[in-house]
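Asker: In case you want the letters, here they are:
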Amino acid sequence: MIFQVNPILEFFSILKYWDRLLSGFLLTMWMYVLALMMGFCIGLILSVLRQYGGIILSRISTLYIEIIRGTPLLAQLFFIFFLPNALNITPEIPIFETSFRILDKDISLKLMDYPIFIGIITLGLNSAAYQAEYFRGAIISVGTGQLEAAQSLGMSRMSGIKNIVLPQALRRVIPAWSNEAAYLPKYTVLVYFIGGVEEIFYQADIIAHRTFFILTTYVVIAIIFLVTITIISRGLDILHKRTMIPGL
Amino acid sequence: MSEPVLRVVDVWKSYEDLEVLKGISFELAEKEVKVIFGPSGSGKSTLLRCINMLNPPDKGEVYLRGQSFMEPGINLNAMRARIGMVFQHFNLFTHLKALDNVSIGLRRVKGLSKVTAREKAFEALNSVKMAEWADHYPAQLSGGQQQRVGIARALVMEPDVILFDEPTSALDPELIGEVLQVMLNIAKSGTTMIVVTHELGFARAVASEMIFIGEGVILETGTPQHFFTSPKSERAKTFLNQLDILYGGHDKLLKISDKEEDK
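Top to bottom, those sequences are chains A and B. The opening residue of the first sequence carries number 1 in the numbering used here; numbering runs sequentially from there. The opening residue of the second sequence carries number 1 in the numbering used here; numbering runs sequentially from there.
The calculated lysine-lysine pairs, modelled on DSS-like cross-linking and capped at a C-alpha distance of 30 Å, are: (1) K114/B to K129/B; (2) K110/B to K162/A; (3) K31/B to K120/B; (4) K162/A to K120/B.
These aren't lab readings, by the way, just hints derived from the structure by calculation. A quick note: this is a predicted structure, and the numbers were derived from the prediction, not measured.
From just these sequences and the hints, can you work out the full model?
Answerer: Next up, the structure:
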């Protein structure tokens, strides 16, 4: 027998811990959104450098992408987490905590401290490598003709990339890029392993131990992710349709 | 004689082992229309791309109104703004409406305000009879319409010379006429042009000189009259014959007045 009592009852007793689920979820989403945005910015720069940066910059960018994609995210997390210590640096990350009250529950939410900071930075650096390759594919698909046309008008290469290539590449990339947007929330849970980050798996662990409904707890977590990622995918689908170039 | 608008001196270009241009020289005078033709692979497009440095030549000089393109430290972007280019595959900016395709150069390169740039762009579109399509995106236009927008985009920058790289060869036959007509009109209004094309009717109507290129060198030059009546080289003869057989010319598509017909 998988369920100890009755799945419906178990489900409701887990939902009693909705405050924990909520704060864990919010922290996970907070790290996810920041890492995704950081990955977007760095990834865009990496892809442009790899595509247009000349021999040296494009090799550096390629090397970065290959190292990140070729090593486990968990190893990267531990590496960056312990790096300052190994270098005898004590990073001072300001702690940011907030609390609010919903219904009868006081919910406190720590949004920034050293492990959270490390988590966001690592996820962002990791995501950048993957996003860079999505962007590069889209840049290549725009082709060289339009950039040449821009240059023939007297626009600099940089201006052509910025005004002509990237606006199109960023539209084209959305379907492929939605992969990264859908993967990253699930990668974010790896931050759990560096400890002390009260994200959704940390909260799940506590709920599971308090209720002993381990399986149901993780089913609830899975459902939360499923719903979240479905919403993200739908959102990006809509964005893709809205930004479509007429006639194409 | 006044200074030539464009002077090409002994231009060489190779791609890896393949020598594409082997010492091409010519001069282009104000308001002149030069037609370059020759078999495929002879280096016609490469020559145009060498002139505006999209593919800089390995050797040789290109002067625009006396100013060398090959001078170290020269602002290539500023120089390119003075040479328009019309592409075989149009290369319109697909995310911009026809009007913005034409106005973006004015805004980004010449620094005009949005309103002024749009006014000028609209005039340019009007001159290629595309004003009513100003709000359409390239993908919503036919090939001929796209190419006319491409011409307006080059024209609006008021360049010293416009380079046409086989502007009609990617078009369906029934769309060629409208593009040639527009090119004819701007040629007559005194635009300095170099046109790589096999449209002999166009060449006959407006070319002041035709250059026949083969295997990277100029094989023969002369007036259209010269080429149509008595080309010297065998190569040019056979080539012109083939063109005539294959395409038959699109002369009838063009509204050429009798006077010009006699030219």
